[in-house]
Amino acid sequence: MTAEDDAGRLAAELTTLLAACARRDREAFARLYQSTSAKLFGVALRILRREDWAEEVLQECYVRIWTHAPEYRPALAAPMTWMSSIVRNRCLDWLRRPRVEVADDDGSIAEGTEADDPGPLAHLERAKESAALSRCLQTLEGKQRQAIALAFFDGLSHSELARHLREPLGTVKTWVRRGLLRLKDCLALQQ
Amino acid sequence: MRYSNKPELQERLAAEYALGTLRGAARARFRRWMRGDAALARAVAEWEARLAPMAEAVEPVRPPRRVWDEIQARLGPAAAPPPRRLSLWRALALLATGAAAALVLMTVVVPPPPMAHGEYVAVLSDPKTQRPVLLISAARKEKTLRVKSLDPSIQPRDASLEIWALPKDGKPRSLGLVPEAAQGAVQLAALADQTLSDVPALAVSVEPRGGSPTGAPTGPVLYTGPCVKDW
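Here the protein sequences come in this chain order: A and B. Just so we're aligned, residue 1 is where the first sequence starts under this note's numbering, counting upward by one. Just so we're aligned, residue 1001 is where the second sequence starts under this note's numbering, counting upward by one.
If you are wondering where the hints come from, they were derived from the structure by calculation, not from laboratory data. Where a beta carbon is used, it is the ideal one built from N, C-alpha and C, also for glycine. Errors might be hidden in some of the hints.
[Said to hold, decoys possible] Per label pair, the in silico range of CB-to-CB distance:
1. B:G1219 - A:Q34: 32 to 42 Å
2. A:P70 - B:A1190: 20 to 30 Å
3. B:E1180 - A:G8: 35 to 45 Å
4. A:L10 - B:A1159: 39 to 49 Å
5. B:A1216 - A:R50: 49 to 59 Å
6. B:E1008 - A:Q34: 23 to 33 Å
7. A:R178 - B:D1151: 38 to 48 Å
[Said to hold, decoys possible] Far from chain A by the CB rule (all over 12 Å, computed), these chain B residues:
8. V1058
9. E1070
10. P1167
11. G1176
12. Q1187
13. S1212
14. T1218
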């Protein structure tokens, strides 16, 4: 059993569960929650950095997943991609509320993301389906990779990135833009 | 701005939307445009798929049990699991969809109360979870409403819960505030027989501290239940 088989089986199972949710099957929804909530809570917690906010967002998102399950199209997105996009979007909207900023009182965001520290990126190599992305991220310059990782994992905006990395806003924007372009080209070659 | 005429800009914004660096008003604007532009939506979906494996790399954290409970509550009663132990009052609350049903149950399940005069009994439940939260009773010839909270967590921190009689005809009448203690009494202006004889149901709403300033419910009605005559 390879990691790829595992991932494929999980995706198939989640797709089946989402289809059952679309038919208003509450038991399938409970199983969907059991299989995915730890992952999605991790995503929300990492971006929001406050458990009460992450709990609230997770609740809203699962209600949303249940409500919008009939609109899920397996051909357009893998089930986990679809669900994690819902969670990430809600987190970013949440941070948009007035006076909400990503808390980093203890400096752990900055600490955990030195340019040579892979952070969660190290986990990427474990899963086969993400090996391509991992390889392509490795081809980026350290600063580009770091900026993209901070934006994705920690939900930092351009200006927050600039502050954390102590670089001018324009420089950081350029890193992100070039990094993303390079990522796209690299992933296209991997296929 | 027309995104469709600027493929490079479209691609860049789609990428930044998926990455999360497109923020604030720009993000909201982009989302609206995306809904009306299939090509833009596809570009975003492609970027989400490219970046999604990164979300897989985040360390999983098991959310506390209350998250699931709350999700179920928000989805409504179908989510309520079958109760493990059907207590008397819970059975009442589940079955008492009408006063008649409750009355039958009262006479079948509850041993006749020792007092000869009988009393009014209401079990108020949360329509979302169908859980009974308040037990309210009053002896026919007394001026006291006995209120027992079955769920201490319902008491709001900076507000009051107000009990309303919902008469067959006419507007809700305030009976008083839910006492903060788990078990308490509310003084009625008249005998229970005069106050509740034409009242098939009670309700509880959230009000400013001290009760509704207008004499009518102003906040959301959280709990309701039939009020039955037990004699």
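Distal placement of S1212 (chain B) relative to chain A, Cβ over 12 Å: About 29 Å separates S1212 (chain B) from the closest Cβ of chain A, which puts it past 12 Å; holds.
Holds or violated: 35 to 45 Å for the Cβ distance of E1180 (chain B) and G8 (chain A)? With a Cβ separation near 56 Å, E1180 (chain B) and G8 (chain A) fall outside 35 to 45 Å, so the hint is violated.
Beta-carbon spacing of A1216 (chain B) to R50 (chain A) - inside the hinted bounds 49 to 59 Å or not: Roughly 38 Å apart at Cβ, these two residues miss the hinted range, so it is violated.
Taking the minimum C-beta separation from T1218 (chain B) to chain A, is that value above 12 Å? Label holds. Min Cβ-Cβ 26 Å, cutoff 12 Å.
Go ahead and decide if the range 32 to 42 Å is satisfied by the Cβ distance of G1219 (chain B) to Q34 (chain A). The hint (32 to 42 Å, Cβ to Cβ) holds, given that G1219 (chain B) and Q34 (chain A) are roughly 36 Å apart.
Over 12 Å from every CB of chain A: does E1070 (chain B) meet that, or does the non-interface label fail? Nearest chain A Cβ is 5 Å from E1070 (chain B), so the label is violated.
Satisfaction of the hinted span 23 to 33 Å by the C-beta atoms belonging to E1008 (chain B) and Q34 (chain A): 43 Å, violated
Taking the Cβ atom of R178 (chain A) and the Cβ atom of D1151 (chain B), is their distance within the range 38 to 48 Å? 56 Å, violated
Distance rule for G1176 (chain B), whose beta carbon must clear each one in chain A by more than 12 Å: Its Cβ never comes within 12 Å of chain A, the nearest being 33 Å, so this holds.
Measuring from beta carbon to beta carbon, are L10 (chain A) and A1159 (chain B) in 39 to 49 Å? Check passed, 45 Å falls within 39 to 49 Å.
Q1187 (chain B): least C-beta distance to chain A exceeds 12 Å? Per Cβ check, Q1187 (chain B) is outside 12 Å of chain A; nearest 39 Å; holds.
Per the stated criterion, does the least C-beta distance between P1167 (chain B) and chain A lie above 12 Å, as a non-interface residue requires? Since the minimum Cβ distance to chain A is about 36 Å, P1167 (chain B) lies beyond 12 Å and the statement holds.
When each numbered hint is compared with the structure, violations occur for hints 2, 3, 5, 6, 7, 8 and 9.
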